[in-house]
Each structure stands twice: as structure tokens, then as C-alpha cells.
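Given chain E's structure and the hints, the job is docking chain B onto it.
If you read the sequences in order, they're chains E and B. Using UniProt numbering, the first residue of the first sequence is number 1, and each one after it goes up by one. Using UniProt numbering, the first residue of the second sequence is number 1, and each one after it goes up by one.
There could be a bad hint or two in this list.
Identical copies look the same in the list; a pair holds intra-copy or inter-copy alike.
Stated by the list, open to error - The calculated lysine-lysine pairs, modelled on DSSO-like cross-linking and capped at a C-alpha distance of 27 Å, are:
(1) K333 / K244
(2) K430 / K333
(3) K114 / K30
(4) K114 / K59
(5) K114 / K53
(6) K333 / K411
(7) K333 / K404
(8) K333 / K407
Calculated from the structure, these hints are not laboratory results.
There are 2 protein chains.
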Amino acid sequence: MAKGASISGFPEWLPSERVVEQRVIDTLRKVFELNGFIGIETRAVETGASLLKKGETSKEIYLLSRLQEVGQENDTPVEERLGLHFDLTVPLSRYVVENSGRLVFPFKRWQIQKVWRGERPQEGRFREFVQADVDVIGEGTLPDHYEVELPLVMVAALEELRPYGCPKATVHANNRKLSEGFYRGLGLTDIEGVLREIDKLDKIGADEVAKLLVLTCGATEAQAAACLELADLTAADGAQLREKFDALCAAHGIATDGEAYALAIQGLDTLAMIIDKAAAIRPGSVIADLKIARGLDYYTGSVYETFLDGAASLGSICSGGRYDNLASSGSRKYPGVGLSIGLSRLVSHMLHVAGAHASRVSPAAVMVAVWNEDERDASDAIAAKLRARGIAVDVAPTAAKLGKQIKYADKLGIPYVWFPGQDGAGDEVKDIVSGEQSPADATSWEPDSMSARQTVVLD
Amino acid sequence: MAKGASISGFPEWLPSERVVEQRVIDTLRKVFELNGFIGIETRAVETGASLLKKGETSKEIYLLSRLQEVGQENDTPVEERLGLHFDLTVPLSRYVVENSGRLVFPFKRWQIQKVWRGERPQEGRFREFVQADVDVIGEGTLPDHYEVELPLVMVAALEELRPYGCPKATVHANNRKLSEGFYRGLGLTDIEGVLREIDKLDKIGADEVAKLLVLTCGATEAQAAACLELADLTAADGAQLREKFDALCAAHGIATDGEAYALAIQGLDTLAMIIDKAAAIRPGSVIADLKIARGLDYYTGSVYETFLDGAASLGSICSGGRYDNLASSGSRKYPGVGLSIGLSRLVSHMLHVAGAHASRVSPAAVMVAVWNEDERDASDAIAAKLRARGIAVDVAPTAAKLGKQIKYADKLGIPYVWFPGQDGAGDEVKDIVSGEQSPADATSWEPDSMSARQTVVLD
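In isolation and in its complexed conformation, chain E is listed as follows:
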């Protein structure tokens, strides 16, 4: 990371690192568009009212004030002030409602942008970072096949990043209706509370969560134990999931003719569909994991978290779910499902664990040398010819001694140095790695295909 990071939580990349981030962004965009997603960008700000409506991060917001208004900021209620968005889902919901008459539904959109969290500065937490999202928003209804397609799009996108140091990704899916139905069947009522505690399982372990369920959610020890058993349930396929779930319900006396069970089965049907369909298309990519709860309270059905092989400490790098009530206009609802990649954290892992970096700092494949400043025009003319053929070119900054010019190219990783012909002689080009030098014509010469483009390599 750039040594600076001179403001804690606001990461900046050095040029060679930025090439990796840019490659990740370009690759994700390519996959999203191959799948028919439409790119949008929303403004960085939303009203306080919009930001405070939903989500547990609602307290981690940066509000804006104009310099001229310093001292009078609080004359305006927080709801009417502007704040930086903390995710891309809340802005999408607002955008869809505002522009519903001009969009085609279901609206499949991708969006890669910075978001901000107004957290207290602390080690390792980003306060500014990039998210890469795909969502599908329906008008009135939204078919549930998108609940398996979207995680599969994300898996396909992450798979494309593996040559650049992204480990194999697995999406862990659950369904809030399944959890809620089970908890209600047990007699619990503080569903949000139980989900919040279950969400802590990976961080604090089962014993602590059991204590918290009793302490904060009014659960008996038996109810708490049952919640932990559900979180622990694994299944190879949809049929086994159903079988194990029914066994658990029977063990805890949950009636199969009640409303709670019916709700759970709604969620289970979707989850079973997801894992069976994903297994058929890309085995091992999406699995059922009944401890996935997701903090944000706008999810109403499927929830997803994504983990990378050998990178457990990174936590989930691609999360999301289905939200049926986030966007509405009058009586019209816009249910959605989407996932969001924590792109900055992912890039940080690729850089610092996998050792990803640019094959060279400069995009230029060639540096044209300059014999003396009076002949710079000749060097510029060669550069123009090469650029017209799509070859990226730099020209030596000064007509310094040749060794110094070559050193400039070398420090930037530029593989070729071009020598303009003098006194009637033709041009020559030198591969500064092999040292090989040969005659060249700017209207036809091509760099070696391996050196033509700046790319991302691993240590």
C-alpha cells in the first residue's frame, strides 16, 4: 500500500498496485456485461433520511457540510442533510424508484464504486473502499431463479481473477425465512436479535453465542442449543437438507402444520433449489450453510457470504441476499436480489498474500530515445506512428546520456528502447532485457506478444 495511507482507513495504491485493482475492475465488468448486466453509477451522496432508513451500518455515516456553513450544520435536521453512501444497494433502490418509468424490469445492473463508512479509525478497517455489485430488481415480483444465477455470476467473476491471485471462492447460502420459521417454531420472538447473535458464531464461538441468546433474546438453554444445531446443519443436496431439517424440527417439537414451519419450508425450498441448481452447473461453488445470518436487516430471503480457500481470516468477500421491501413507491414494490464484492479487501489480499503486481509500472511497451533536444521532434514523430498502430509509447524525458535514458525505461519496466536513425541510417529497437538490438520500422514493427501489454503477474 502507498506508504502514505496518511489518513487511517483511506487506502491508496502505488501505481503497480493500482494496475491490479484496475485489472480486477475491468475483469468483473467484463463478466457482468457478458451476463447482460447494465452498468450504472449513482451519486456519492444520499439524504440522511435515506441512509438512516435501513441497515446496521446506519450509524457509520459521514455527513457533509459546506465550509461556509461550519457552525450552523445542525440548524438542518440530519434527515435533510447529505451523507456519503455506505453501500450501493440503498442508492440502487432509490435510483430504481426515481427512474422506474424509464427502466426495463427485471432491471439487471452492475455497479462498481467507492463507498464510505464513518467509523472510528481503527487498525485494518477501511473507511473508504470500492464495492462491486450485481443486483436484479423486479417490478412487483421477482422470479427466484435469480437467487441462484446471481451467486453463480459472482463465482464466475471471481474465477476469472484466479490467474491474478484470487483463491477459489465458495458461496455459502442460507435463507432467512428458513431460520425465522425455525426460531418461531421453537417459540422465540426476537428474530432480529437471534440472527444478530448467530452472525457472531465465527467470531466468538458457539458457547458465547449460546450465552448471548439466553441473555439478550429471551431464549431458554434448550432453545439456544436448538438454534446452534440449526446453524450447524450441513447437507450435500436439497433432498438431504430437507431430510435433516425435518429431523431437527421433530427433535425440537416443531409442528409441521403450523405457520412457522410453513415459513421455514418456503425458505428451504428456495435454498434447496439454489444448491441443487448450482451443483449441476458448477459443482462446489454454492453450498448451504445455515449459520449465515447477515447483519443488514433489509434481507428477507436468501442470504449469501463468500469465502476464499485458505483465507478464512479475510471473512466474507462477497455478500448479499434477497430484499423484498427495500424499495417501494406507493403500493408498488421492487423486490431485489444482489451480491456485493468487497473489492478493496480482495485486492489487498491479492497484493499482499498472493503477491500480485503489474508486469511493469508504465503502460508503455516502448520508450523512444532522444539524441538531443533539437531532435526531439523526430522521436515524437516515431512515437506518433507507433501509437497510431495501438502500441503504447513513452518518449525519453530528456536528451540525457543514453545510459540514463535506458535506466528511466528500465525503472518503469518498459521492455523496448527505440533509437531513431541518425545521418541517414534506419531506426533500431533494443529489447533491454535480452540486450538484443535490431533494425525496426515504426510503420510495421510489433513488440513480442508477451511484452505488448501491461498485465498482472504473481511473485
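Structure of chain B alone, referenced to chain E:
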């Protein structure tokens, strides 16, 4: 523009408009990289101290406060608070100083990012917009050939946008040393003041500017008239510029052996070099215009503004200059030169005046129909085969009546609908514009080359 723009000054594009903005960004990046510029991205925030240091926009800053700190924001002095950057030059200077040990100088960088101006809301002013910048920063010194190369890179970039509705661009160049030397030669001392008033020429006209020069800068009427004569000076080439300038000095009694004249000639030499070299490479692209002053006070030499043919009311859409004192660390200086395209305003012009829009809303070239939900897997498998070959594909959202599925494709502008073969029959693909339908194989079929990719077209 998206109907919303529900917060004044924060524009958002509809999907078809966003395609134009994205194409502009992609095109600029391509040209910048062809010229060997290195892409970076800086954080959105700087400290108040850094933002307040330079520039007349320093009063148009958004400061941030964490929601938890509402009511206590002002316990922290403005200098220590965080604010959103108002341009990309101040952040670049800070980035270069912080990372100087890890960069290669001269550091040629491109950067395309949003910036924010904390202005009072008013018609037609953006408070959030995208800038596209190129700058070269030297360590200690910076050769002046960059002062003609950078405007030429911008002209080349804008030229690439002409098929998408950007008019022909002309860079108007001046040099602050030339102006300052002339003003001092006249006996004026409030140089910043004179530049500020001259900057208003296009807006309020010569008579008003003359009055202001007398009123606010202590000029006599004769001095004011001389300043306006300089602003009016035009020249076909460097030699004529020198000749006309010397005549003007003689007319106003400016001694050619004084310090003021020497300063002016320093500036004139650079400006003459710029227009002569630009004329040789791309005639008519960069011209001398001695009324260009630039508001931001960090410029120390060349200054540029860029105007589009037939779009005078748009003002300058690409401005910049040379700044020798913006970045320094101890006694080490980092002089720079750069230009910045007001990308959002340019895109707005291309959309609303030239009628640029996406050739289709969806990136997909094909929509695969779904006969019924039980056979969705077959449609998905076809889509996967096409995508593996780089063809962007959408799949029908529901197994609705065929007419409804085709209507969905049509509304998104998707040119082909794919019909999976049933009962042993082969697949077929229909061009929904021509109505032509023919057998097709997902492992080999190619769309018509005109329809293969989403692009930008004009009305």
C-alpha cells in the same frame, strides 16, 4: 439526465446515457495509456489544511463529520477535519510528496475520478462531477517540452471522442509570466488581482473589466487599457507573437532591459515554443490567447483553456497549466504541468446537444428464450456456451408467452433472440429487427459484426 437529479447539482445518468459516459472514460484512458501515462486513484478526502492551501475554490469544500459526532464537529479545527477533494491536482501533489521514494520521475499520470464542490445549489452547476486529468510531475526540474505535449495529448483524446458527438477542440494557451511581466512593466503590483479581473473578460466584457481594474487593482485608465490590449493580442506563430508583444511594450513604455520585461520574455519563449510546435504536429490545435488567466492561483507559467467549436456557452471544458510550487517536501520541489477535462459537462453536451446515446440499453447481443421454467436449464446452458466465446447474453426473465419475451429483448435493444431446439430439433436464432430466423449452433454462431457490441451512436 435521470429524472431524479433529485438532489440539485448531483447528476445521475440513465443506463443509455451512462454508456456514453463510460465510453468517454474508456476512450480517454486508452489515449492516456498510449501516451505512457500511468493511472492512479487517490482517496476522495484530504485534510482541511491541504484543501485550504491553494485555489480559489477553497471556499467551496464539503467537510465530513461522523454521524456520531453531530453537534461536536466544531471541536476539531477545520484544518484537521476531512473534506472531499475539489480537484485532482491537489491530491496528486500530496500523493507525489508522500510516495516520492517509490515513483519514477518525471511521473506521468492519468486520473479519472469524481470531485465535489460545496457550492450553494444553483441552476446548472454541478456539485459532484467527474474530472479526467493528465499531469507530469518532475523532481526538482521539469522540461518545458511537456508544456506542449500535454495539451496535444488532450487534443488527441478529445479528437477520439468526435464520433460520439464531441465537437472539434482548440486549446487556448497563455503564460502567466508573460502577463505578470507586462503588468509589472506597466507599474502594476496587484498581479493576482489583475489576473482575476482579466479572467472575467468573456463573462462581463472589456468595459466592465476596465472599470474593475481601476476600482479594485489600483490601475490608471491607461494601464487598464494596456492590460486589455495585451488580452486582445493574437498571433499566427511564435515570431509574430514576439513582434506584436514588443510593439505593445514599446507603445506603453516598457523598458526591454528591466526585470519585468525579462520575466515576460521567459513566458513568451515558452508560449512561442508551444504554438510553433503544436502547429507543426497538429495545425490549429493549440493557439495563443493572451486573455486566458485561469482562476486557480497555483499556476506559475503556462495556462490553458479549451473550447469546442459551436459550444461557446459551455466555456472551457479542458483547463490547466504549469504549477511550480504546489508540491514540495523540505527544500525539494516537484514542479508539474497538467490539464483536466470537465468530463461530466462534456458528456452532458454530447448527450443533450449532439444526441449521443447507447446503440442499445443492454450489453447483451442475444437473449435466449425460455419455453417453460422446467426447461430454463437448457436455455442457461446455451447462454453459457455463447458467453464462453465472448458473446454477451441475457436469458428471458420468465417463461412468458413468446411475444412478451421478445418484447423484453426489444425494449433492451437486444438484437437477437435465441430459440432452444425442442423435441430433437436444432436451435434457431432470430434477428428481431429484420425478422430473419435461421438455424444456429451455440458453439459456432457469431452475431453480425455491427450488432456484436453495444456502442454509442448519434441521433
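Going through the hints against the structure:
no.: 1; hint: K333 / K244; verdict: neither (35 Å within a copy, 70 Å between copies)
no.: 2; hint: K430 / K333; verdict: neither (64 Å within a copy, 34 Å between copies)
no.: 3; hint: K114 / K30; verdict: both (19 Å within a copy, 22 Å between copies)
no.: 4; hint: K114 / K59; verdict: both (18 Å within a copy, 25 Å between copies)
no.: 5; hint: K114 / K53; verdict: both (20 Å within a copy, 26 Å between copies)
no.: 6; hint: K333 / K411; verdict: between (57 Å within a copy, 21 Å between copies)
no.: 7; hint: K333 / K404; verdict: between (65 Å within a copy, 21 Å between copies)
no.: 8; hint: K333 / K407; verdict: between (62 Å within a copy, 22 Å between copies)
The structure fails hints 1 and 2 (numbered hints given earlier, in ascending order).
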